[in-house]
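Given the coordinates of chain A, assemble chain B onto it according to the supplied hints.
First to last, the protein sequences are chains A and B. Residue 72 in my numbering sits at position 72 of the first sequence; the count goes up by one each step and never skips. Residue 238 in my numbering sits at position 238 of the second sequence; the count goes up by one each step and never skips.
Everything labelled a hint here was simulated from the structure, so no lab data went into it. Take these hints with a grain of salt, some might be off.
Identical chains share a label here; the pair holds if one copy fits it or two copies do between them.
[Stated by the list, open to error] EDC-like, lysine to aspartate or glutamate: derived pairs with alpha carbons at most 16 Å apart:
1. LYS182 with ASP51
2. LYS182 with ASP93
3. LYS182 with ASP301
4. LYS158 with GLU172
5. LYS158 with GLU329
6. LYS158 with GLU173
7. LYS305 with GLU276
8. LYS158 with GLU362
Protein chains: 2
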Amino acid sequence: MLRAGPSQEEIRRHNLGTLLRHVHLGGPMSRAELTHLMGLNRSTIMALTADLTAAGLVREELPRDTGKAGRPSLVVLPETHRVYVLAFDVGVDRLAAARIGLGGVILDRREAERRRGPFDLGQVVTTLAGFARQMLRGVRADAVCVGAAVAFCGAVRKSDGVVRIGPNVGAEEVPLGEELSKRLSLGLPVVVGNDANLGALAEHARGAGVGCRDLVYLHGDVGIGGGIVVNGQLLSGADGYGGEVGHMVLNPGGRPCGCGSRGCFEAEVGERALLEYAGRQGGAAGRDGIRAIVTAAELGDAAAKEALRRVGHWLGLGVANLVNVLNPEMVIFGGMLRDIYLGAAAQVRSTLNTTALRATREGLRLRTAALGDDATLMGAAELAFADVLADPLEALSRAAM
Amino acid sequence: MLRAGPSQEEIRRHNLGTLLRHVHLGGPMSRAELTHLMGLNRSTIMALTADLTAAGLVREELPRDTGKAGRPSLVVLPETHRVYVLAFDVGVDRLAAARIGLGGVILDRREAERRRGPFDLGQVVTTLAGFARQMLRGVRADAVCVGAAVAFCGAVRKSDGVVRIGPNVGAEEVPLGEELSKRLSLGLPVVVGNDANLGALAEHARGAGVGCRDLVYLHGDVGIGGGIVVNGQLLSGADGYGGEVGHMVLNPGGRPCGCGSRGCFEAEVGERALLEYAGRQGGAAGRDGIRAIVTAAELGDAAAKEALRRVGHWLGLGVANLVNVLNPEMVIFGGMLRDIYLGAAAQVRSTLNTTALRATREGLRLRTAALGDDATLMGAAELAFADVLADPLEALSRAAM
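In isolation and in its complexed conformation, chain A is listed as follows (with noise of 0.2 Å):
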């Protein structure tokens, strides 16, 4: 609600945080360019762009090469050497942990295997520390950590942050970020969201959803996860499980699915549906067993083949289901879900075509997330840069001390 006046505090706050979303988004830009977004008067945003500076969250400079002739104007860029977050990524077959700067630039990665079994928060939490304070190390004296975030691969409760379940992690109930905060002892907090939420916040944010206003972002990670963003905003739901259409039944009666149902999205399109289609449950599994197949397919396996058509016919009958009741502009295939609609495009589109409302579909596209892995792992950046990007000089202030 606007207040009869927000303050001329209030004001310059909103515009210093728009302002470092914009270069930290859309990279280096000139004031001009500032000036024509931001519908704000030119000595406005050269005022806000010296407040920046001087905090050290934004520099200005004269361009790489401008491609025209006579003098190039300067352009605001960001500090990503001297402001960045620590983002984390726990996969069911992967631990992994970046340092990201502002403008969203990988500065710095680590990863490492996860053994497939119960949950051990103790060594999890241990190999992302190791991690991060391995990326610390050479760090810059001047830089500054201003937030901390983990992509998970389940259900995290909004009103806590903590992970209430990850099925296919054997996880529940687990305090991952307090953990994950006290052993860092940066004293920040590390805030955790689910890995497919993530993933759709950064394709929407530098990836293949740049533009959209509604999108269904799809990652396969054994499970499946779902981010849903609408209008613009990610959807939470009520209680901050929204998205979770891996459980989504889409075969009553078919395969059993960890969840204790059957016939969820999940358990007919994930990877172990996939391999006993292909007749390779013994051979391997996870990333490299799902490559396997699609290569085996394009030499012509017939196994593969039809179980990749089997695989892809419930994929596009769950995209379809989730454009009827959202009416996305795009659907995008991230994770393991990447490979898999890349080898069974035909069919899905097919099983769409005949499933979806033409109304609902007709102006539907379908990509992969142009992040690739790391789709997952830049949302965490996102979400670690939220504060910085609300309110720049209170948030690197706190940061810093």
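Relative to the frame of chain A, chain B by itself:
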């Protein structure tokens, strides 16, 4: 975006709209309550109330009975009999119209049966415009019609408000709003919305869903439509077709659906399935047919009970899928689904509990439409009031021209 200073005039317009919305949705309230709700000081509230009073949008009077001792303070209330909209509803079996006053009060109402069969735009428009003429006859000389809207049982394209498709009434590419506006000759555009979307809007604004940020409204009318509210806003989707849940496939290879697919939510749960399962295909259809089955089941009729159990199972599965995807706080059953849900609630709950994730369903409430059969009509009224609530004085002066 906050510009460097929204003008005093912009702030005043915004605040006028907000105050009017409070009394429109919340009913009579004192200036003290408005001061508290809007976070403004008393003199600003007094000035805003004076402006709205001068325009004839609200008035102040002593409350009916406060139940408290001492001198009661004046309450601000909407000028229900002076400021109204025309709301229309085109369902499969009925055409309805109402004159609805500010504050959401039905001042007058007309209804006619609609014969099933191909869509006859001329006949629909003639009937609705005839209702409007009848209702406008007895209106006070100083009354102002500030808007008009139709709830339609089909998909409505966002870009131009044209009915894209209404399979259950045989409609396709119908310029209903434009034609009705011409025939009404009130110099007002007629906005068109999907009936279930508008039912969701009404139940959220003044029905079972007041105070819920995330809800799903399911509307049964031969077919099944849905309206989804996310974070307090109606989900429209990229082209306006969000919420077409009736064509989510629940039972692949199941009952044929009017859309050309099989096993859709509305094919498994709609009127036709229930009548057939109960062995009553030749008997009464529509609302009466459904109610007869529910009554028969209550009286112990085995076929009716079994029919409700079967349909209740699919209804539970459809709800479970929506709950997993959207994690709403509440699901509301309206139209014919109200009766079906009341007759099959135990089965619906049972299937929901075995299918939806515990996390997504543990906070969920299931409710019937508090506005009953008027939910869609009331939703059309909310759509028609949108302009006057956004900028009261401007919209009023346009309407009074």
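The hints, checked one at a time:
no.	hint	verdict
1	LYS182 with ASP51	neither (33 Å within a copy, 56 Å between copies)
2	LYS182 with ASP93	neither (24 Å within a copy, 63 Å between copies)
3	LYS182 with ASP301	neither (51 Å within a copy, 63 Å between copies)
4	LYS158 with GLU172	within (15 Å within a copy, 42 Å between copies)
5	LYS158 with GLU329	between (26 Å within a copy, 13 Å between copies)
6	LYS158 with GLU173	within (13 Å within a copy, 42 Å between copies)
7	LYS305 with GLU276	within (13 Å within a copy, 41 Å between copies)
8	LYS158 with GLU362	between (34 Å within a copy, 14 Å between copies)
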